[in-house]
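**Q** The chain contents come next:
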Amino acid sequence: MSNGNTDATNGDTATETQTNGLSADDFALYDRQIRLWGAKAQEQIRNANVLLVSLRALGTEIAKNLTLAGIRSLTIIDDEPVVEEDLGAGYFLRDADVGKPRAEAAIPRIQDLNPRVTVTSGGSLAELMSKDQNYYAAYSVIVACDHDFTTLNVINTGARVAQRPFYAASIHGMYGFVFADLVSHEYVIEREQSNMPTTIKPESLTRSVTSTSSKKEPTGKTTEIVQKREIYCPLLLANSSPLPKEILSNRRKLKAVPALLPCIRALFDFQRTFARLPDHTPQDAALFISLAKNKAGELQLPQDTLTGDFIKSFMQNIGAEIITTAAFVGGRLSEDVLNVLGQREQPIQNFALFDFETLVSPIYCLYSPPPELVMPALNGHVGLLNGLNTVAVPIAEGVVPAAEVLELE
Amino acid sequence: MQRRDRGTVQAVGAPLTVRVKNSRVLLIGAGGIGCELLKNLVCCGFGSGYIPPNGANGIPSPKHTPGITVIDLDTIDLSNLNRQFLFRKQHIKKPKALVAKETALPFNPAVNIDAQHASIFDPQYTVAFFRSFDIVFNALDNLAARRHVNRMCLAADVPLIESGTTGFNGQAQAIQKGVTECYDCNPKPVQKSFPICTIRSTPSQPIHCIVWAKSYLLPELFGTSEEEANDMVETEGDDQEEVKKLRAEAQALKKIRGLMGTSEFAKAVFDKVFYEDIERLKSMEEMWQTRKKPVSIQFDTIDKLSAAEGAALASQDQQSWTLVENLAVFCHSLATLTGRAQAGESSIDFDKDDKDTLDFVTSASNLRSHVFGVLLHSEWEVKQMAGNIIPAIATSNALTASLSVMLGFKVFRGMLAAESETATTNGHTMVMKPNNPPLGGSKFIFLNPRSTERIITTQNLARPNPACPVCSPVYAELHIPPVDADGNGMSTLQDLVGILIGNNDYAHFTISTEAGVIYDEDMTDNYSSPLAELGIEPGSSGFVTITDDDEDPRADLVLSVTAAPADGGLSIESHISYGKLPLKPVPAAPPTESGTAPDVKSAMNGIALLNREKRKRGAGDDGDDEVDAAAAKRAKAAPTASDAVVTIDDDGAILLDD
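Residue numbers (my numbering), protein chains in the order written: chain C, 1 to 409; chain F, 1001 to 1658.
Honestly, the hints are just simulated from the structure, not real lab data. One should not assume that every hint holds.
[Said to hold, decoys possible] In silico BS3-like cross-links for lysine-lysine, where the CA-CA straight-line distance does not exceed 27 Å:
(1) C:K215 - F:K1192
(2) F:K1267 - F:K1304
(3) C:K221 - F:K1304
(4) C:K312 - F:K1021
(5) C:K216 - C:K201
(6) F:K1267 - C:K215
(7) C:K215 - F:K1188
(8) C:K216 - F:K1293
(9) F:K1192 - C:K216
(10) C:K216 - F:K1021
(11) F:K1188 - C:K221
(12) F:K1267 - C:K221
(13) C:K221 - F:K1192
[Said to hold, decoys possible] Which stretches of chain F does chain C cover? Using the computed rule of at least three CB atoms under 8 Å from a CB of chain C, they are:
(14) 1032-1041
(15) 1446-1454
Beta carbons: idealized from backbone N, C-alpha and C, even for Gly.
All chains, please: the whole structure from these sequences, using the hints.
**A** Listed below in structure tokens is the structure:
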């Protein structure tokens, strides 16, 4: 795989400084981040091609962060015309850009952040919807923001067939989420050696330790290098997966699940049914509330989780873009993408929620094992498919078969 | 309200949007966090309220002009560009504050930005200056400036949003006098220092050899010896006999300085520090009973590379040099530094961005590492250890700056709620508002990297520590009347003592400034001195502290100095009365900091044994900041019962190396 990094092997550590094809200029410019994640991770970042779908507030932040970090190329798909509302959080846009396609208008200013990165427009969203897995295989990571459930699923499916990591995210005023489907991802965590030895075993339904080693630091401390693997499921399955057992069986943890989770699921449903966001009308409010109640029930949340005040606040925020939320959600998503490229650190598994009214941001593993077999009808051409609700996705190479996963309990 | 504001209005409401538009915001620092903060403030419209043109139609410009003031003393460096996104390559060496303003202005044409290329310690930044803002955002990279701003905000009673990042970690908190703990309510970790004998006689880690090269050998050869280093201290564990011998050793090295510029210089230095001194150490058998004995090396027995090869090696900073290569770079850097010294540079100090000093420190420390059997390192690695470089990435800064502005919104929401409460109270019905938590529900927020359960951890803001020496005093203003054209009306120390006794009911007290005690009952030498001569004058950022000497003392009174109104005399704010001051809190047990004794002051051939903070930019601190390790540990160790989200699993542990 010429462009992908997902299959690179590990073993080297961040503190080993090796030239690895990075130039002296690379070391000088990226000095402070190479000191954090090492030359090898930086080289993998430098070889990465990222596809970013949507360049509203959230996409703007992600484009900025990834370009600064020094990926090889950033391809942005957003052919919607710039409207005046975009200027608030879209700081790569100017008054004169109103009416132009969003990506094309912003790209010169994004490019200006770092001449070493190639920033280009990837055309229209409509074209993307008909792309096959070969298209997605050219990218190391695919990120889609602010799109409805159906669109996200098309992109997720394309990325998964090509075995490429996929991220979806949205913000709604003070609220937001990040979803990750990294198919099967191996990564390294370095930490100070503790007294308890780390054993090679599954740690959760999706995560297992695959190997450990250690190294002596100049300071005399010992650093443990733990290699782990996370397996993922696509958004379609995550969206109907129950909360993990350790949450459902713990009253305190279950009580702490924010009402934001059923509300995001309700919003997905609403968009799927009506192909638009809910308006501030009594009819839409009633529809949305009943959807949210359904979702809260499905998730087995306590009766008092979903309050009228919260629904009111959430509905008020739907569709709103504010830079602070965009910067946080986009910043955290970018951090995850860069770590995934460098195959370091714990990635999000698989649904992170952001509520900046109450300042909570939990991560839940909403996982159901994907079906084991590639459906013959799929034939690699996801763009030809309609009725995504019934589409099964192929299991990726290296994914632990469902039966094996289920034995973990 | 413009259409570009729609998102903000929808998310936080119109009243809060209008409030922040008409606010005055002070942003201190335009680095990693500062660039992100400025972008967020500008895009949300902070300080973008309309300012009528000066003097138009005879209307004077309003006293409270909306806007963002950004202050930074630094200039732009190449290594900033990976995260300080308001800067480009063509901006290198230009002032950060000015370029940040230039780049951020087009983000929102309505915004008013005042950029100042200056140090926040400068005297023009008085308490009155701080008081002219609704809120202050810190985006600093060093402890000294943080502490200073913390104190100024306490004195001015302006809310402060404090923040910091290290690697993937980050944090933000809101601080307000009398409401929350302040930045200094908890002891902060002090800079790490090493016992002198470890550095000079028994190094066992690379950092020991680096400190030796940077803080002993380089200053002895090229520094002015009075310069104090702060990473070596004489501790109780140090052998006094050995310390005396080390002193003599340093004297001998000084004599070698006389050979600078001659062909014997490199050999003389080398054989002195890597042969003679090592041979002397080796002879002290008791020192090596539990340690590996060093192996001395001699200049003449090591192969020599050419000067050109030495220079070429110095540019290869990723690979670890061999003994021969280190010697070549050592000779190369010694020659370069000699050239600079002879060209008139009287003192060459270590600076991680001064390549010649870095070459010298890398090669000298590696040669010493070789002698002591310590692992050799590449120049790139030595730079990090010698320069205290803190890893810094764009995303942590973006996350933290976002949290800062989120807290800013909450603080303004709290102000709005308090304002509407006042309005209600003045009406005929009193409506209790139980939902108005301090600072609009602000929290102490930490990023939680590596956790599988949560992205952020929050803690309720703690109450002020009653024993905090910084926020427990009462802050007030001292008004000093202007001197008339004939020089009459000059206020003296005697006048100040007079009003403290006469107007504010004090009896036994001590007056001190930053320079020390200027008055107590047994020290009246300054009695007739004009206050201005004692450094107490309007327009200075210093404070005057009145300490009560009574048996059950009242809290300290800390005065900032302003000009009295035209017809006013020397006075302290009228509400300050001795009888109303709270009692001074009983000081807690003295903090025991990490083994070393920071107050031991004993100079050994110019090596400072004092552990103090660095204020100088560029020499030590870098990165965007430090996370408050103590607070992070507190968050982990002591979850508040009321706050379900503070429990952190093992994966979420925040590990910080000292």
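**Q** Are any of the numbered hints broken by this structure? If so, which, sorted upward?
**A** 3, 6, 7, 10 and 12
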